[in-house]
Amino acid sequence: TASAASAASTSSGAASLGSTAYIGRDYTYGLVVRFQDACPERLQNRVEAVTLSTTVLALNRLFREAEHYGPIACLEGCLNWLSCFLLFALYPSRYTRARRRIESYIDAQNRDVYHPLGLHIGDVFRAGLMFIPIEMDYSHV
Amino acid sequence: MPRLFESWPARTQFHCGGRCLTGPSPTHFFIALALLVFSGLLFLFTTCGWLVYRWHLWGSLITAGFLFLWGISVTAMVRAAYSDPGIRPRYKDPTNGDAWSNVPSSQQVVINEVTIQTNWCRTCKMYKPPRTAHCADCNNCVDGFDHHCPWLNNCIGKRNYRFFLTFVWVLPVLMLYMGCFCVLNIVMLIVGERTIAYGFIRAALHGPGSLVVLIIVICMFGPIFTLSAFHAFLVMKNVNTNEHLKGSYKKKNPHTMGVFNFCFQLCPPEYPPYQPWQRDVEDPVLDSPYTDLVTKS
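Line order of the protein sequences matches chains A and B.
Quick note on numbering: the first sequence equals residues 1 to 141 in our numbering.
Quick note on numbering: the second sequence equals residues 1 to 297 in our numbering.
So here's chain B without its partners, still in its complex pose (with noise of 0.2 Å):
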């Protein structure tokens, strides 16, 4: 019997013997890892050089906080692209293929006194529940469904919002970190000439790391900082990009939980996936429970 990754009919690519799954094109998140990491070296070996070598203990704690920092984005990055964002299962087809049977295109369903429509996936043959969504990068209903994230080639769902909103809040903050003390060590070289012309050529002779990691960052700060933005007003009104899109929850929100929900969305309880991926399994799609609601038409 194969196991449940090696036969699940979608566009998920697994990895680590169905330990980790991600998404179907990962060339953007190994362009998006390089230049965070290539960035990373860079500081370490040519701004924090400087830094230990002018100030020994000062440039120390600056070296472990950028290495903190860095730390806890890239291991945010990895995670975030390689774990399971809450795939659901699939069922069965009930009408068993008849063009002439089908089942109801929604359900109602009743979330804190408040009456939503829930609608037939046609892929993976159930009603979505609550707040799940169908992907169509992946091919897979994805429960949280957030947005299906190119640069780290994997839906954001339940499962890896957190890492999701710790990259993106984090990475601000170390593109500052790594900004400023750039602009110290260019600053400092420039200062010691006669001209700013002279000062500008030592700088990019002695200290061309800090230069170029000086513009990475600046290109890269005003996209970051947009979307981690957004996701900072997403968290307080506690609706997902998903649904900020669409228009879901304009009125009526059931899942509203204030300022807490800042807390939850970072530090949630730790969900197992829904499907065990590594079990052996005969079928990866399982029976289905709506055969009572097949009409023919």
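Chain A with its partners taken away, still in its complex shape (with noise of 0.2 Å):
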């Protein structure tokens, strides 16, 4: 939509180079990890923005559940601080957790949707958590 595509070039907004397309984030409701729902104009004609609606909102869920702060999270921090900061040696945070169910998840998408569009989504942690890197010229091998 217009809006959308306006607000992402104000903010640091979907941008492309040579052969890849950047989903940048959405800092609308604060620092918490949430990317544009807008397509990029470099992919419009390579894939349906429903699709890439899609992935983007399924992603935002993961990373909101990752960085999910509730009593549960809040007694795990107290333990872990009376711990001397040893308790996350015995078992995986809740991010970490996230961060392998938002990676397998970004592996099935790649494998299911994106690849056979000869696209692929890059790795989000490498970016920085600043962008969705999609490279356009993944190719089968």
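Read the hints as simulated data drawn from the structure, not as lab findings.
Backbone N, C-alpha and C define an ideal beta-carbon position, used for all residues, glycine too.
Fair warning: there could be bad hints in the mix.
For each label pair, taking beta carbons as the anchor points, the in silico distance ranges come out as [unchecked claim]:
id, chain 1, residue 1, chain 2, residue 2, range
1, B, M188, A, H68, 50 to 58 Å
2, A, E135, B, T295, 24 to 32 Å
3, B, V294, A, E135, 16 to 24 Å
4, B, V294, A, V50, 29 to 37 Å
5, A, V32, B, P9, 27 to 35 Å
6, B, D283, A, R64, 29 to 37 Å
7, B, S25, A, P71, 27 to 35 Å
8, A, P71, B, V37, 32 to 40 Å
9, A, N45, B, P104, 23 to 31 Å
10, A, V113, B, E282, 43 to 51 Å
11, B, Q117, A, E103, 29 to 37 Å
12, B, L67, A, E65, 43 to 51 Å
13, B, W151, A, P71, 50 to 58 Å
14, A, G118, B, W151, 48 to 56 Å
Which chain B residues stay away from chain A? Per the calculated CB distances, all over 10 Å, these [claimed, not checked]:
id, residue
15, R11
16, C16
17, T27
18, A34
19, R88
20, P150
21, W151
22, G179
23, I216
24, M220
25, V235
26, C263
27, F264
28, Y274
Bring the two chains, given one by one in their own frames, into a single complex with the hints.
What follows is the structure, given as structure tokens:
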């Protein structure tokens, strides 16, 4: 939509470099990791906006769960403090478990949806959680 | 291919095969750590020894309490000094070194209905996201940048703020704890003598450890308590040291969380590092996503 596109251009928006398109962060709800729902111009011929939107919204939900801070997260944090910060040597923290879910979701989306279209969603964590890099020259090997 | 930490172009120092990182000059940190460890050991072997000798049960309990407080201070100090504060990746120059092109110097971002400017970082070649600032000592952009602590030789950022807060809030408690029992030791040594002068001489001869610890505690308590009160004030306002000094959020703070902030800053989610320091990479700097914004002047 027009408003989403203009929001994309004023924010750290949907830019493109040669063979990679980037979906930027959406800060309207604060610093929680959330990506913009707009489809970059470069990808508009390659993928339907609905498909991309589904992926981005699912990632937003997974990141929101990773950073979710409720009574249990607070309790875990207090136990971590009391154990001189050794608690998460015993079992993976909430964010670590959520990170594995995010990575397996991206792998599944790549395999099922994006590789057939010649696209590849890159490593969101390597990009510093600032962009979702979508490479546009992916070919099956 | 080298590992990312071996080719990282900043003044950060890496240890243990990329698992720990710290800042450029470790001298102050070793002095501070030596002071804490030395005074703790002295207290343990002199005052605690005397306490256990006088009162077995209470002495043991007091020693256990001291060991917990001291253990958590040293752990927090070491982790604050050696953990990744949230160093952001760097990007390549979108203009490719062309002196006649540039990108806009700032972008507007709307957070929680407050509009702020995000500025271009000339070193890291990106628009600094909200709450990210560039540290001049380490030459990195750090997320949630609070300040660069010379006594810990590391930046304090989003990922290690809780270690810093723990250190700076437990240390005054530890100092009061040690100070009280040192005073108790010295007073009980003085009380048995005929005059106060003989009492002090006896205290210096039989309890020199307590005297030394008491002197250290009295000297260091003032600055440390000031710092811990300052950070209690900042946590209540949910503002960083950096933002406080620059007056960024005087009018409206888009990050307020109220009293809940105390728990959240001490026990936040376990954010992962932004960069995989131990991974083999061809290029430590990422491709720039801003080439569309380059304009020729």
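Now for the hints, and whether the structure bears them out:
no.	hint	result
1	M188/B with H68/A: 50 to 58 Å	holds, 53 Å
2	E135/A with T295/B: 24 to 32 Å	holds, 26 Å
3	V294/B with E135/A: 16 to 24 Å	holds, 21 Å
4	V294/B with V50/A: 29 to 37 Å	holds, 32 Å
5	V32/A with P9/B: 27 to 35 Å	holds, 30 Å
6	D283/B with R64/A: 29 to 37 Å	holds, 32 Å
7	S25/B with P71/A: 27 to 35 Å	violated, 42 Å
8	P71/A with V37/B: 32 to 40 Å	holds, 37 Å
9	N45/A with P104/B: 23 to 31 Å	holds, 27 Å
10	V113/A with E282/B: 43 to 51 Å	violated, 28 Å
11	Q117/B with E103/A: 29 to 37 Å	holds, 34 Å
12	L67/B with E65/A: 43 to 51 Å	violated, 38 Å
13	W151/B with P71/A: 50 to 58 Å	violated, 35 Å
14	G118/A with W151/B: 48 to 56 Å	holds, 53 Å
15	R11	holds, 19 Å
16	C16	holds, 15 Å
17	T27	holds, 25 Å
18	A34	holds, 20 Å
19	R88	violated, 5 Å
20	P150	holds, 23 Å
21	W151	holds, 20 Å
22	G179	holds, 23 Å
23	I216	holds, 23 Å
24	M220	holds, 22 Å
25	V235	holds, 15 Å
26	C263	violated, 5 Å
27	F264	violated, 6 Å
28	Y274	violated, 5 Å
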